[in-house]
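One letter stands for each residue in the lines below.
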Amino acid sequence: MKLNLSSGPVDTDDIPWEIHQDTLRNKKTGRQLPVRVAHLQGNQYQIWLAGQIYEVELANSGPRRAGADGAKSNEHTVKSSMPGTILSVKVKKGEEVTTGQPLVIMESMKMELTLESPRAGKVAKVLVHPGKLVELGAVLLELEK
Amino acid sequence: MQMKKVLIANRGEIAVRVTRTLQQMGLVACAVYSEVDKNALHVQCADEAYALGGTTSLESYLNQDKILKICQDHQIDAVHPGYGFLSENAGFARRCQEAKIIFIGPSPEVIDGMGDKLHAKEKMVEAGVPVVPSFNPGKDTSPEQYAEEAEKIGYPVLVKAAAGGGGKGMRKVESADQLASSLEAAQNEASKAFGDGRVFLEKYISQPRHIEIQIFGDQHGNVVHLGERECSIQRRYQKVIEEAPSPAVSPELRKEMGETACRAAKAIGYSNAGTMEFLLDDADKFYFLEVNTRLQVEHPITECVYDVDLVRAQILVAQGQPLPFQQEDLKPRGWAMECRLYAEDPSRNFLPCTGTLEVYEPPVGPGIRCDSGVQQGSIISVHYDPMLAKLVTFGHDREEARQRMVWALAHFPVLGLRHNLPYLKAVLEHPEFIAGHTHTHFLQQHNIDSGPTQVPKSGLVALAHFLQAQKPVSAGTSIETTPFQELGGWRLLESPDGMGGLP
Numbered sequence: 039m040k041l042n043l044s045s046g047p048v049d050t051d052d053i054p055w056e057i058h059q060d061t062l063r064n065k066k067t068g069r070q071l072p073v074r075v076a077h078l079q080g081n082q083y084q085i086w087l088a089g090q091i092y093e094v095e096l097a098n099s100g101p102r103r104a105g106a107d108g109a110k111s112n113e114h115t116v117k118s119s120m121p122g123t124i125l126s127v128k129v130k131k132g133e134e135v136t137t138g139q140p141l142v143i144m145e146s147m148k149m150e151l152t153l154e155s156p157r158a159g160k161v162a163k164v165l166v167h168p169g170k171l172v173e174l175g176a177v178l179l180e181l182e183k
Numbered sequence: 031m032q033m034k035k036v037l038i039a040n041r042g043e044i045a046v047r048v049t050r051t052l053q054q055m056g057l058v059a060c061a062v063y064s065e066v067d068k069n070a071l072h073v074q075c076a077d078e079a080y081a082l083g084g085t086t087s088l089e090s091y092l093n094q095d096k097i098l099k100i101c102q103d104h105q106i107d108a109v110h111p112g113y114g115f116l117s118e119n120a121g122f123a124r125r126c127q128e129a130k131i132i133f134i135g136p137s138p139e140v141i142d143g144m145g146d147k148l149h150a151k152e153k154m155v156e157a158g159v160p161v162v163p164s165f166n167p168g169k170d171t172s173p174e175q176y177a178e179e180a181e182k183i184g185y186p187v188l189v190k191a192a193a194g195g196g197g198k199g200m201r202k203v204e205s206a207d208q209l210a211s212s213l214e215a216a217q218n219e220a221s222k223a224f225g226d227g228r229v230f231l232e233k234y235i236s237q238p239r240h241i242e243i244q245i246f247g248d249q250h251g252n253v254v255h256l257g258e259r260e261c262s263i264q265r266r267y268q269k270v271i272e273e274a275p276s277p278a279v280s281p282e283l284r285k286e287m288g289e290t291a292c293r294a295a296k297a298i299g300y301s302n303a304g305t306m307e308f309l310l311d312d313a314d315k316f317y318f319l320e321v322n323t324r325l326q327v328e329h330p331i332t333e334c335v336y337d338v339d340l341v342r343a344q345i346l347v348a349q350g351q352p353l354p355f356q357q358e359d360l361k362p363r364g365w366a367m368e369c370r371l372y373a374e375d376p377s378r379n380f381l382p383c384t385g386t387l388e389v390y391e392p393p394v395g396p397g398i399r400c401d402s403g404v405q406q407g408s409i410i411s412v413h414y415d416p417m418l419a420k421l422v423t424f425g426h427d428r429e430e431a432r433q434r435m436v437w438a439l440a441h442f443p444v445l446g447l448r449h450n451l452p453y454l455k456a457v458l459e460h461p462e463f464i465a466g467h468t469h470t471h472f473l474q475q476h477n478i479d480s481g482p483t484q485v486p487k488s489g490l491v492a493l494a495h496f497l498q499a500q501k502p503v504s505a506g507t508s509i510e511t512t513p514f515q516e517l518g519g520w521r522l523l524e525s526p527d528g529m530g531g532l533p
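Here the protein sequences line up with chains A and B, keeping their order. When you line the first sequence up against our numbering, it's residues 39 to 183, in that order. When you line the second sequence up against our numbering, it's residues 31 to 533, in that order.
Looking at chain A on its own, in the form it has when it is part of the complex (with noise of 0.2 Å):
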């Protein structure tokens, strides 16, 4: 079978493993180990091989939801590195800030974490006010460009 993986593709056809149940074996020299594979998000996926995890992510043509990639904040916005609940939102629209000006104190299993401003500039968009869940790689603000 052809793998379309973000990385090139994989014809796994001319690789000399075979799957039993949950047990990869070695064609050839008969060497077993236990596997397990779940979708993790978006297009990529978790492999438990022998005690280790591996993450793997498939090329894709079509849209795709914000992974831990796509969480990153940029020049312009500032996004959720985790999925959470907004605490507070320390601005305002059209304020001016300065960068690393803690912006959002958001909440995720106990733990607090602030999203500071990338850069020095005006507020154009604040997009979450206290309360709200959000997901990972929510845009939460924008600054003006």
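By construction, these hints were calculated from the structure, which means they are not laboratory data. Treat the hints with care, since some could be wrong.
[Unchecked claim] Non-contacting residues of chain A with respect to chain B, defined by C-beta distances greater than 12 Å in every case (computed): (1) D60; (2) V127; (3) K131; (4) G132; (5) Q139; (6) E154; (7) R157; (8) V161; (9) L165.
[As the list claims (entries may be wrong)] Once the Cα atoms are required to be at most 25 Å apart in a straight line, the calculated PhoX-like pairs of lysine-lysine come out as: (10) K160(A) with K131(A); (11) K198(B) with K269(B); (12) K222(B) with K128(A); (13) K68(B) with K170(A); (14) K202(B) with K148(A); (15) K198(B) with K128(A); (16) K66(A) with K487(B); (17) K153(B) with K233(B); (18) K182(B) with K153(B); (19) K148(A) with K361(B); (20) K170(A) with K198(B); (21) K285(B) with K361(B); (22) K153(B) with K285(B); (23) K68(B) with K148(A); (24) K148(A) with K96(B); (25) K233(B) with K169(B); (26) K182(B) with K315(B); (27) K148(A) with K269(B); (28) K130(A) with K222(B); (29) K40(A) with K487(B).
Note that beta-carbon positions come from the ideal geometry of N, C-alpha and C, so glycine has one too.
Dock chain B against chain A, hints included.
Below, chain B alone, put in the same frame as chain A:
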């Protein structure tokens, strides 16, 4: 008074663990649950279950009115608070008492007294327990006085919250010029976290071990200790790996620390399970940190080493019976370790992770115990603690327990969200951990590599098999209902153009 029905005012693994013992003792175990927990494991295990409603902790597991109402409506004799939530809430313990419901824990007076860290410390000094050199300021202490006292203690010093816990409101101050700003930051953090901005100064001990003594008292004035647990492997003051006994504690030191803890516990009239936390420096000097007036998360390692069921003992003592064990019967044997499985992503600075546990298969075998609060299919939400389970191993000696833990971690598939299991295994295999050179800065100081990231080719065979087993999506089906559909435009297997989905 003989109990019949016990309500567990908690969730997750501790609620499941308490349920087991209650059932073994022939008692009726009653669960309570929030809206999001209605299908949780602790609810399924219980003999009776009552809804608290709500999603946040305040609306549910901290809702004293609702919990007490359930107790009264359903003839419940006692409440086991577990740890966290209402377990160290003296007000709740008092309300239980007034409602003639047994609170399984120490008296409200003891909880009150030990909950305030400044007060607890004073009590310990009175009982002759060594404490870390410190300064407790009054209401009008000036910054100059703080600076003077910090000089007396000697830098580095710690600024700590009086009502604190979990590292909140805590700051390490290296030198005099940082003191003023650290005081202000800690006071701010403390008043936000605990509604109490009082802070105090304490000597900072470099590379200490966190050693805690399990104590147990009854209502007849008897107090025993069940040796120590070492909990030095911590991140941001959150314990990650614990072991009992400690590689640093000799039988003589154990006796000394144990007797000191018992003396202090007697002085404050302690009953039921409790823990005295100490710092141990490299000269075998120990300093009192705090008393936890509840069952600890890491209690199973003590249960292994002393062959006792601490929850059973809690129930007996709460019924007014004498302690089920005497000091001379309590002899440690073997070695136990505990790893805490957290839904936290080590690759992203341990931020919490949510999702569905698609695969969850706890290991079994000799000397292995897994206290889980979840099962395969459980949804991990943002609302509660990120701890999923505690994996405990037991062996004749430290190395056997460690090897069993390494094996157990390697045979514990957990998929569907990111977690710290590979990280735990890396710590267990670190040469300094193997050598027993543990201290509270271990995880900060040592670079823990949680393993390779490039998937072996064999793993891709399994991935292909997994994808093949999933049903393809027909055109026009709405996106966002099953994980497969989140693949968007990705196509599997032989497509009509024979390209197998390749571009």
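To see whether the hints hold, each was checked on the structure:
1. D60: For D60(A), whose nearest Cβ neighbour in chain B is about 9 Å away, the distance does not exceed 12 Å, so it is violated.
2. V127: Label holds. Min Cβ-Cβ 16 Å, cutoff 12 Å.
3. K131: Consistent with the label, K131(A) stays out of reach of chain B, its closest Cβ about 25 Å off (over 12 Å).
4. G132: holds (26 Å)
5. Q139: Consistent with the label, Q139(A) stays out of reach of chain B, its closest Cβ about 16 Å off (over 12 Å).
6. E154: holds (14 Å)
7. R157: holds (21 Å)
8. V161: holds (23 Å)
9. L165: holds (18 Å)
10. K160(A) with K131(A): holds (8 Å)
11. K198(B) with K269(B): Status holds; Cα separation ~14 Å.
12. K222(B) with K128(A): holds (15 Å)
13. K68(B) with K170(A): Given that 25 Å is the threshold and the Cα spacing comes to 22 Å, the pair holds.
14. K202(B) with K148(A): holds (22 Å)
15. K198(B) with K128(A): Judged against 25 Å, a Cα distance of about 20 Å means the pair holds.
16. K66(A) with K487(B): Holds, at roughly 15 Å.
17. K153(B) with K233(B): Holds: K153(B) and K233(B) sit about 19 Å apart, inside 25 Å.
18. K182(B) with K153(B): Given that 25 Å is the threshold and the Cα spacing comes to 23 Å, the pair holds.
19. K148(A) with K361(B): violated (38 Å)
20. K170(A) with K198(B): Answer holds: K170(A) to K198(B) is near 24 Å, not above 25 Å.
21. K285(B) with K361(B): holds (11 Å)
22. K153(B) with K285(B): holds (21 Å)
23. K68(B) with K148(A): holds (20 Å)
24. K148(A) with K96(B): OK: K148(A) and K96(B) at ~22 Å, within 25 Å.
25. K233(B) with K169(B): Since the Cα atoms of K233(B) and K169(B) sit roughly 21 Å apart, the hinted pair holds (cutoff 25 Å).
26. K182(B) with K315(B): holds (20 Å)
27. K148(A) with K269(B): The hint holds at about 15 Å.
28. K130(A) with K222(B): holds (21 Å)
29. K40(A) with K487(B): holds (13 Å)
This entry does not satisfy hints 1 and 19, going by the numbered hints stated previously.
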